[in-house]
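*Asks:* Listed below are the residues making up each chain.
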Amino acid sequence: MDWDQWMAENLARLALYARQQTRTDNDADDVLQEAIIEAWKREPQKCPDLPLVFSYIRRRAIDLGRKIKVRQDFAESSDVPLTSIETNFEQRDDEHVLRSSLGELPPELSETVVLHLWGSLTFREIGEMLSISQNTAASRYRIALERLRQTLKTKLR
Amino acid sequence: MNHQNDLEERLRQLAPKTSSEYQTRFTQRFKNALEKEEPSRKISRLPLWPLAAAASIIAGIFILNLTQTTNKAPSEIATQKELNHDAIEEKPFIPRSFDAPIVLGDNGKIYRVFKSNETSDETKLKRRLIAVNSF
Numbered sequence: 064m065d066w067d068q069w070m071a072e073n074l075a076r077l078a079l080y081a082r083q084q085t086r087t088d089n090d091a092d093d094v095l096q097e098a099i100i101e102a103w104k105r106e107p108q109k110c111p112d113l114p115l116v117f118s119y120i121r122r123r124a125i126d127l128g129r130k131i132k133v134r135q136d137f138a139e140s141s142d143v144p145l146t147s148i149e150t151n152f153e154q155r156d157d158e159h160v161l162r163s164s165l166g167e168l169p170p171e172l173s174e175t176v177v178l179h180l181w182g183s184l185t186f187r188e189i190g191e192m193l194s195i196s197q198n199t200a201a202s203r204y205r206i207a208l209e210r211l212r213q214t215l216k217t218k219l220r
Numbered sequence: 078m079n080h081q082n083d084l085e086e087r088l089r090q091l092a093p094k095t096s097s098e099y100q101t102r103f104t105q106r107f108k109n110a111l112e113k114e115e116p117s118r119k120i121s122r123l124p125l126w127p128l129a130a131a132a133s134i135i136a137g138i139f140i141l142n143l144t145q146t147t148n149k150a151p152s153e154i155a156t157q158k159e160l161n162h163d164a165i166e167e168k169p170f171i172p173r174s175f176d177a178p179i180v181l182g183d184n185g186k187i188y189r190v191f192k193s194n195e196t197s198d199e200t201k202l203k204r205r206l207i208a209v210n211s212f
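Note that the protein sequences, when read in sequence, are chains A and B.
For the first sequence, the working numbering assigns the number 64 to the initial residue and increments by one for each residue that follows.
For the second sequence, the working numbering assigns the number 78 to the initial residue and increments by one for each residue that follows.
In case anyone wonders, no lab produced these hints; they're calculated from the structure.
Using N, Cα and C, we set each Cβ at its ideal position, and we do this for glycine too.
Careful, some of the hints might be misleading.
[Unchecked claim] Computed footprint of chain A on chain B; a stretch qualifies when at least three of its residues, placed anywhere within it, have a C-beta under 8 Å from a C-beta of chain A:
no., segment
1, 98-107
2, 128-138
[As the list claims (entries may be wrong)] Derived pair list, reagent style DSS-like, types lysine-lysine, alpha-carbon separation capped at 25 Å:
no., chain 1, residue 1, chain 2, residue 2
3, A, Lys-218, B, Lys-94
4, A, Lys-132, B, Lys-108
5, A, Lys-104, B, Lys-108
6, A, Lys-104, B, Lys-186
7, A, Lys-109, B, Lys-186
8, A, Lys-130, A, Lys-104
9, B, Lys-108, B, Lys-94
10, B, Lys-94, A, Lys-216
[As the list claims (entries may be wrong)] Ranges between beta-carbon positions, derived for each pair:
no., chain 1, residue 1, chain 2, residue 2, range
11, A, Glu-72, B, Pro-127, 39 to 47 Å
12, A, Arg-122, B, Glu-112, 21 to 29 Å
13, B, Pro-127, A, Asp-126, 18 to 26 Å
14, B, Ala-110, A, Gln-68, 29 to 37 Å
15, B, Glu-112, A, Asp-126, 18 to 26 Å
16, A, Pro-107, B, Ala-131, 48 to 56 Å
Based on the sequences and whatever the hints tell you, model everything.
*Replies:* Okay, here's the thing in structure tokens:
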């Protein structure tokens with residue numbers, strides 16, 4: 064199995080989604096690595112199925128979020144910053160604008176954009192993954208695009 | 078609709094790209110993690126037939142042992158369960174239905190003594206001796 068090629072094709076979209084689902088780059092890397100390995104374990108003979116990896120990323124991010132919340136509730140305060148400087152992605156002006164615009168969307172909307180537009184998942188796959196109907200997934204995507212259009216119209220003028 | 082298509086195309090062009098340094102670092106880290114996973118997978122993929130064979134042998138030995146025990150002559154079992162007077166004192170017998178006294182027979186076996194239900198004077202005195210071999 065050619066992991067280098069698979070990573071070259073898919074790492075960016077997976078990393079973006081993992082980053083979107085977690086608080087720090089380190090958490091995102093952990094979640095991403097575990098998700099790919101978990102997907103690979105199901106069928107070691109072939110490259111991991113992309114929708115499956117997205118699904119595992121989401122599940123593991125939720126689990127991690129719960130653990131962090133429990134730790135924080137217990138410790139009340141933490142010295143570790145919740146966000147770190149994002150260095151994993153190439154820094155481009157227009158991309159920066161896009162990411163900030165995506166960040167302004169409600170999570171359920173931006174998640175749909177990332178999964179459909181860059182993750183190449185169909186609305187049916189997104190629906191299955193998020194436990195929503197195919198129509199709801201499509202509807203969220205349309206709403207997200209409309210809001211992004213309004214935002215980018217002013218920012219990327 | 079055209080607005081949406083234009084925007085989608087524009088967004089696709091802005092697709093996130095990871096830096097080559099991150100790409101290399103994460104891929105290497107992933108491969109290291111994968112190597113750690115491999116040995117445990119190899120163990121889990123071992124054939125189960127040696128385990129099944131060992132279990133069968135152990136079960137066979139157990140059954141054989143059981144058969145030998147049950148095939149023993151009654152006298153042999155009685156010898157093993159033979160009790161003396163001291164044993165009675167160590168393990169008090171509790172009658173199941175009524176207070177039946179226990180006596181030790183001449184042959185060394187323990188007997189429970191049941192009173193007869195019959196009403197005649199002769200039979201009132203008659204006692205039935207029932208050997209208790211279930212100690």
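*Asks:* So, for every hint listed, does it hold in this structure?
*Replies:* Consistency of the hints with the structure:
1. Closer than 8 Å: that is the beta-carbon criterion, and the segment 98-107 of chain B has 6 residues meeting it against chain A, so the requirement of 3 holds.
2. Here's how the segment 128-138 of chain B fares: 0 of its residues keep a CB closer than 8 Å to some CB of chain A, so the rule of at least three is not met and the hint is violated.
3. Distance hint between Lys-218 (chain A) and Lys-94 (chain B) is fulfilled; the C-alpha atoms sit about 21 Å from each other, no more than 25 Å.
4. Among the hinted pairs, Lys-132 (chain A) with Lys-108 (chain B) is inconsistent with the structure: their alpha-carbon atoms are about 30 Å apart, more than 25 Å.
5. With a CA separation close to 14 Å, the supplied pair Lys-104 (chain A) and Lys-108 (chain B) stays within the 25 Å bound.
6. Under the criterion of a C-alpha separation no larger than 25 Å, the hint pairing Lys-104 (chain A) with Lys-186 (chain B) is inconsistent with the structure, at around 68 Å.
7. A distance of roughly 76 Å separates the Cα atoms of Lys-109 (chain A) and Lys-186 (chain B); the hinted pair therefore is violated under the 25 Å criterion.
8. Restraint check for Lys-130 (chain A) and Lys-104 (chain A): the C-alpha separation of about 24 Å stays at or below 25 Å, so the hint holds.
9. Simply put, Lys-108 (chain B) and Lys-94 (chain B) have alpha-carbon atoms about 21 Å apart, close enough for the 25 Å limit, and the pair holds.
10. About 23 Å separates the Cα atoms of Lys-94 (chain B) and Lys-216 (chain A), which keeps this hinted pair within 25 Å; it holds.
11. The hinted range of 39 to 47 Å is satisfied by Glu-72 (chain A) and Pro-127 (chain B), whose Cβ atoms lie roughly 42 Å apart.
12. Separated by about 24 Å at the C-beta atoms, Arg-122 (chain A) and Glu-112 (chain B) satisfy the suggested range of 21 to 29 Å.
13. Remark: the range hint 18 to 26 Å for Pro-127 (chain B) to Asp-126 (chain A) is contradicted by a beta-carbon distance near 37 Å.
14. The hinted range of 29 to 37 Å is not satisfied by Ala-110 (chain B) and Gln-68 (chain A), whose Cβ atoms lie roughly 18 Å apart.
15. The beta-carbon spacing between Glu-112 (chain B) and Asp-126 (chain A), approximately 24 Å, falls within the hinted interval of 18 to 26 Å.
16. Checked against the hint of 48 to 56 Å, the C-beta distance between Pro-107 (chain A) and Ala-131 (chain B) comes to roughly 28 Å, which is inconsistent with it.
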